[in-house]
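Visitor: Residue numbers (this note's numbering), protein chains in the order written: chain A, 1 to 315; chain B, 1 to 531; chain C, 1 to 273.
Keep in mind that the hints were calculated from the coordinates and are not lab data. Watch out, some of these pointers could steer you wrong.
What follows is a list of derived Cβ distance ranges for each label pair [stated by the list, open to error]:
#, chain 1, residue 1, chain 2, residue 2, range
1, C, 244, A, 40, 34 to 42 Å
2, B, 122, A, 312, 23 to 31 Å
3, A, 303, C, 54, 48 to 56 Å
4, B, 492, C, 98, 27 to 35 Å
Heads up, simulated DSBU-like pairs for lysine-lysine below, C-alpha to C-alpha not over 30 Å straight-line [claimed, not checked]:
#, chain 1, residue 1, chain 2, residue 2
5, B, 20, B, 7
6, C, 2, B, 410
7, B, 169, B, 7
8, C, 171, B, 410
9, C, 171, B, 272
10, A, 126, C, 171
11, B, 125, B, 169
12, B, 247, B, 20
13, B, 169, B, 20
14, B, 7, B, 272
15, B, 169, B, 120
16, B, 410, B, 463
Just so it is clear, CB atoms sit at the ideal spot from N, CA and C, and this is done for glycine as well.
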Amino acid sequence: MLRFAATRLISLSLSLLAASVVIFAVIEVIPGDPAAFMLGMNAQEDTIAALREQLGLEGSIFARYFNWITGMLTGDFGTSYTYRVPVTELVLARIWISLPLAMFALILSTLIAFPVGLIAAARRGKPADMGIMATTQLGIAIPNFWFAMLLVVVFAINLRWFSAGGFPGWENGFWPSLKSLTLPAIALALPQASILARIMRSSVLDTLDQDYIRTARAKGLTRRQSITRHALRNAMIPVLTIIGMQFSFLLAGAIIIENIFFLPGLGRLIFQGITQRDLVVVESVVMLLVFAVITVTFLVDIAYAAVDPRLRRRA
Amino acid sequence: MSLLSVKNLTVSIHDTPILKNLSFDMQPSQVFGVVGESGSGKSMTALAMMGLLPGGAEIGGTAMLGGSVDLLNTPEAVMCGIRGNDIGMIFQEPMTALNPVQTIGQQVAETLVIHGQASKSEALKIAREKLNRVGLPADRFPLDRYPHELSGGQRQRVVIALAIALRPKLLIADEPTTALDVTTQAQILDLLRSLVAEEDMALMLITHDLAVVSGIADHVAVMQHGEIVEAGRTDDIFRNMQHPYTKQLLKASGHVPDRTPQTEDIPILEVKNAVRHYVLARTGLFARPPPFRAVSDVSFTLNRGENLGLVGESGCGKSTLTRAILGLEPLQSGEIRLFGEPVSPAMPNALRAGVQVVFQDPYGSFNPRWRVERLVAEPFHLMQTPPTDSQARVDEALESVGMQSSDKRKYIHEFSGGQRQRIAIARALILRPELIVLDEAVSALDVSIRAQILDLLAELSDKLNLSYLFISHDLSVVRAITDRVLVMKSGEIVESGPTNDVFENPQHAYTRELIAATPRLPEGVGGAALT
Amino acid sequence: MKWPRTLVFGAALFAIFLFAALISFLWTPYDVEVLNIPAKLKTPNAEFWFGSDHFGRDIFSMIMVGARTSIAVAIVAVGIGIGLGVPLGLWAAANHGSWLDEVIMRGNDLVFAFPSLVIAILITAVFGPSALNAIIAIGIFNIPVFARISRGGALSIWTLDYILSARVAGKNALRISVEHILPNIANLLIVQGTIQFSLGILAEAALSYVGLGAQPPTPSWGRMLADSQTMISFAPHLALFPGFAIVLTVLGLNLMGDGLRDILDPKIRRSRQ
Numbered sequence: 001m002l003r004f005a006a007t008r009l010i011s012l013s014l015s016l017l018a019a020s021v022v023i024f025a026v027i028e029v030i031p032g033d034p035a036a037f038m039l040g041m042n043a044q045e046d047t048i049a050a051l052r053e054q055l056g057l058e059g060s061i062f063a064r065y066f067n068w069i070t071g072m073l074t075g076d077f078g079t080s081y082t083y084r085v086p087v088t089e090l091v092l093a094r095i096w097i098s099l100p101l102a103m104f105a106l107i108l109s110t111l112i113a114f115p116v117g118l119i120a121a122a123r124r125g126k127p128a129d130m131g132i133m134a135t136t137q138l139g140i141a142i143p144n145f146w147f148a149m150l151l152v153v154v155f156a157i158n159l160r161w162f163s164a165g166g167f168p169g170w171e172n173g174f175w176p177s178l179k180s181l182t183l184p185a186i187a188l189a190l191p192q193a194s195i196l197a198r199i200m201r202s203s204v205l206d207t208l209d210q211d212y213i214r215t216a217r218a219k220g221l222t223r224r225q226s227i228t229r230h231a232l233r234n235a236m237i238p239v240l241t242i243i244g245m246q247f248s249f250l251l252a253g254a255i256i257i258e259n260i261f262f263l264p265g266l267g268r269l270i271f272q273g274i275t276q277r278d279l280v281v282v283e284s285v286v287m288l289l290v291f292a293v294i295t296v297t298f299l300v301d302i303a304y305a306a307v308d309p310r311l312r313r314r315a
Numbered sequence: 001m002s003l004l005s006v007k008n009l010t011v012s013i014h015d016t017p018i019l020k021n022l023s024f025d026m027q028p029s030q031v032f033g034v035v036g037e038s039g040s041g042k043s044m045t046a047l048a049m050m051g052l053l054p055g056g057a058e059i060g061g062t063a064m065l066g067g068s069v070d071l072l073n074t075p076e077a078v079m080c081g082i083r084g085n086d087i088g089m090i091f092q093e094p095m096t097a098l099n100p101v102q103t104i105g106q107q108v109a110e111t112l113v114i115h116g117q118a119s120k121s122e123a124l125k126i127a128r129e130k131l132n133r134v135g136l137p138a139d140r141f142p143l144d145r146y147p148h149e150l151s152g153g154q155r156q157r158v159v160i161a162l163a164i165a166l167r168p169k170l171l172i173a174d175e176p177t178t179a180l181d182v183t184t185q186a187q188i189l190d191l192l193r194s195l196v197a198e199e200d201m202a203l204m205l206i207t208h209d210l211a212v213v214s215g216i217a218d219h220v221a222v223m224q225h226g227e228i229v230e231a232g233r234t235d236d237i238f239r240n241m242q243h244p245y246t247k248q249l250l251k252a253s254g255h256v257p258d259r260t261p262q263t264e265d266i267p268i269l270e271v272k273n274a275v276r277h278y279v280l281a282r283t284g285l286f287a288r289p290p291p292f293r294a295v296s297d298v299s300f301t302l303n304r305g306e307n308l309g310l311v312g313e314s315g316c317g318k319s320t321l322t323r324a325i326l327g328l329e330p331l332q333s334g335e336i337r338l339f340g341e342p343v344s345p346a347m348p349n350a351l352r353a354g355v356q357v358v359f360q361d362p363y364g365s366f367n368p369r370w371r372v373e374r375l376v377a378e379p380f381h382l383m384q385t386p387p388t389d390s391q392a393r394v395d396e397a398l399e400s401v402g403m404q405s406s407d408k409r410k411y412i413h414e415f416s417g418g419q420r421q422r423i424a425i426a427r428a429l430i431l432r433p434e435l436i437v438l439d440e441a442v443s444a445l446d447v448s449i450r451a452q453i454l455d456l457l458a459e460l461s462d463k464l465n466l467s468y469l470f471i472s473h474d475l476s477v478v479r480a481i482t483d484r485v486l487v488m489k490s491g492e493i494v495e496s497g498p499t500n501d502v503f504e505n506p507q508h509a510y511t512r513e514l515i516a517a518t519p520r521l522p523e524g525v526g527g528a529a530l531t
Numbered sequence: 001m002k003w004p005r006t007l008v009f010g011a012a013l014f015a016i017f018l019f020a021a022l023i024s025f026l027w028t029p030y031d032v033e034v035l036n037i038p039a040k041l042k043t044p045n046a047e048f049w050f051g052s053d054h055f056g057r058d059i060f061s062m063i064m065v066g067a068r069t070s071i072a073v074a075i076v077a078v079g080i081g082i083g084l085g086v087p088l089g090l091w092a093a094a095n096h097g098s099w100l101d102e103v104i105m106r107g108n109d110l111v112f113a114f115p116s117l118v119i120a121i122l123i124t125a126v127f128g129p130s131a132l133n134a135i136i137a138i139g140i141f142n143i144p145v146f147a148r149i150s151r152g153g154a155l156s157i158w159t160l161d162y163i164l165s166a167r168v169a170g171k172n173a174l175r176i177s178v179e180h181i182l183p184n185i186a187n188l189l190i191v192q193g194t195i196q197f198s199l200g201i202l203a204e205a206a207l208s209y210v211g212l213g214a215q216p217p218t219p220s221w222g223r224m225l226a227d228s229q230t231m232i233s234f235a236p237h238l239a240l241f242p243g244f245a246i247v248l249t250v251l252g253l254n255l256m257g258d259g260l261r262d263i264l265d266p267k268i269r270r271s272r273q
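The shape of chain A in the complex, shown without the other chains:
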């Protein structure tokens, strides 16, 4: 198990390295001179030179890449050109909205999808199953940002149960902050929960067709016991993959949803970065998002090995 984790850790580092090369190439190599690009067409030659120096753009591409990487490893993401503050500060202030939002949505989606998927599988072909399948079909088709707008109209504007947006800050109390993330998390979670519930259902049904379920029934297990004692853990294997992939969708979705609820998260930062051509900010936030996705993939791999003993031996 330890060896499995170690091998996965090495491949995680390699993925991160590869991702950083891609991001660096797109942001700093393709535009030619990033300083000139950031300042726009009418910039003076000496302002460009000054910015170039400030950004550390002198030197070879390799040296710049090396500086960028080592900087990030020590927590230094460079200085934002528009905000004139270290990007680390900007990111730290915002990441504690986007990340908890994505996690909140992931938990919600899992909590909804598991029982719903299981019920559908256990009642295959019955009205409950058909109802669940139709609802989830609709759930998948609804764009989360549109669903968020509808939630705002119903629960914030009409019912006034929630505020229509804004974020009090974790330092001003956990529950108020959580409450302000609730509508966005629901908007993010429902479409993903629909997908997950369908995967859960088909995965359980696939598992129920396996020979070892027949063995279990021959032992005297009821249909329900054979689901809970044998099918469930095996059905988790494909479901875990989807949960891992959903995290990246939820994180990307969180960036979009923040717009609707006026949440000062990474989304706001990155879109401002794009409009203001603040490449340092864009580069750092993208790297951070990719880091989060790759880390979750790693965690899913570890969870795999915990569920499936066949993987522990192999690397």
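For this one, chain A is given, so just place chains B and C on it according to the hints.
Guide: Same frame as chain A, but now just chains B and C:
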């Protein structure tokens, strides 16, 4: 009193009749063999006894267990208490019959726990005893082993252990040894036999293999198309069978096709010191795994017109050797020569055309999206220009294997397993090669179909002066159709010689073991089974 | 053969929007690029079937032209995914276990770490926003999806005996991939293609919504929703119709995918019998 008394068992699934008016009785502590070919309904009979028929099944009749419980008319909740407790069942596929994410100890103990017969820790203790009983001792098979760490035969032992954990009065075994090698099969049959004798248990053994039942069953029922066509004491049945289907089945089981061997002393295939090893999967990121020698130092010659058999159990290297002979995989050392020319993945197409192949699986051997004419004509790819009379040659090839030329417009799913094997032979014949490799070519077929295909192969060999390299795990088939035989074990040829000599007077211990393990029909019945 | 109801219903639903998109090239009730301020923010009526927006543009016409944008982006993005992903997957499968397979699969994993929104952000940061960037971003993300599914399908076919027969007939990996593998994984690709198509429509809407997709004056459903956001309390119809358009198109495609899977996937067909 009968342990199990079945009267007028009728099953239909979605209005298709599967079982028709089945009646039989089983006595305590005896073995009841159910024999039939695929589609005869023998597995459905077992599932009906267990109350595990697929959805949409309609059942009629009665099946009294111990004179008190009617298995066919008992509510599901009560059946759950009977399954595993009064009746145990084992299945054909040991590789998939166990839950891959639970230890073998848990799975055996579960039978006890689920019926409330033992606490969890007691159940594990009893599971240990049961695993010892089925031949999985504690030192090599601790309770915390997972199924994937065991071989097929070992897994089947685990399945038996969990089926007998509560000492049921009746054990149902549905083709329990069909997926296993012949030596493993013999061991599992021995185990079942001793369980019946020592644990006071009756066994319903379902199989397609007459020789298996003849060696173990007290009573036999022969099934065809969902009916029992003949039943009685095993001795009586084999001595004096009445029904034409039973006679036909027995005849086909020991069938030996008529051949006139016309071997010339001209070698067409020469294998000299062939070595092929594989690199196993990496165990660690930086650890280089040891190579696995699949074929090690194999030498033999195949002469024109000869039928050469290659016998061995799974994993002995016969498939690897086949691929090397077909020029699909390279050798690490040694050489293979076909008609004197070296064989390798880079060999010219003209040389490839001299050897064709028929595989085991009648379902996986054909692209389901192609018509038969295209399938049969595929080897024409080896010719520089396809022959102008290619259609005529497809017709000719199909007719030579007993098919119609009109079959060429059809897709492969429109044919039965036996017909598909005929089409596979037609494909192998189309280039008129001198040598055909038959890789388990009849192993997946029912015995009566198998006999027909063997006859066809013998006829073609005589008529076209073909040579065969006949690769099989089935000794009786190899004996029936080959002139000379090679016995392969762990990548090496351990014995070779004229087929009759090897079977009558085996020299190597492994050959003797194989012959001893092969189930045989009783003396004096059927054709030339293994004596 | 009886067509599954999901397939018929889904195809009909999608056909409505496809038809609207095609018609929009020839005719729309109003010109979507002409502003008509006096007629602004009309609720649905006989004149403006779906109402009008804050510039007095006809919502119905904008939905028609928006269908064009959505469907075009999704089609091209699926095309990129299939065109590059399938050959890569087949190539990896033909060289299963070699370094090439490993490189392709690791490359796949790497792309999976970049959700299409992130790719769009990267591209837009450097090249500026446009519909083309949305296509490229969604298309790039589709490549590993199709590579993975075609590799998986191809690997299971490579183990079958008819591939060995083809090799005995002297055919090379390329020929085998084209003649034997591709026709037999076409089912998988069609079903996945429908799913990716619907995901593409959702992704295009999301990208346009945050301003990374089609730019004004080209109407797109996502941007219509973004524009409606500030007026949602007094003009909810602005948000409802584009939303419904997205939901119904995606629903139609997903139902179509389900129905196609039912007829094409032999595994499901068997279990239904």
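Visitor: Compare the structure with each hint and give your call.
Guide: Hints, one by one, checked against the model:
no. : hint                      : verdict
1   : C:244 / A:40: 34 to 42 Å  : holds, 40 Å
2   : B:122 / A:312: 23 to 31 Å : holds, 29 Å
3   : A:303 / C:54: 48 to 56 Å  : holds, 49 Å
4   : B:492 / C:98: 27 to 35 Å  : holds, 29 Å
5   : B:20 / B:7                : holds, 11 Å
6   : C:2 / B:410               : holds, 22 Å
7   : B:169 / B:7               : holds, 19 Å
8   : C:171 / B:410             : holds, 24 Å
9   : C:171 / B:272             : holds, 27 Å
10  : A:126 / C:171             : violated, 50 Å
11  : B:125 / B:169             : holds, 22 Å
12  : B:247 / B:20              : holds, 21 Å
13  : B:169 / B:20              : holds, 26 Å
14  : B:7 / B:272               : violated, 62 Å
15  : B:169 / B:120             : holds, 24 Å
16  : B:410 / B:463             : holds, 28 Å
The structure shown violates the earlier hints numbered 10 and 14.
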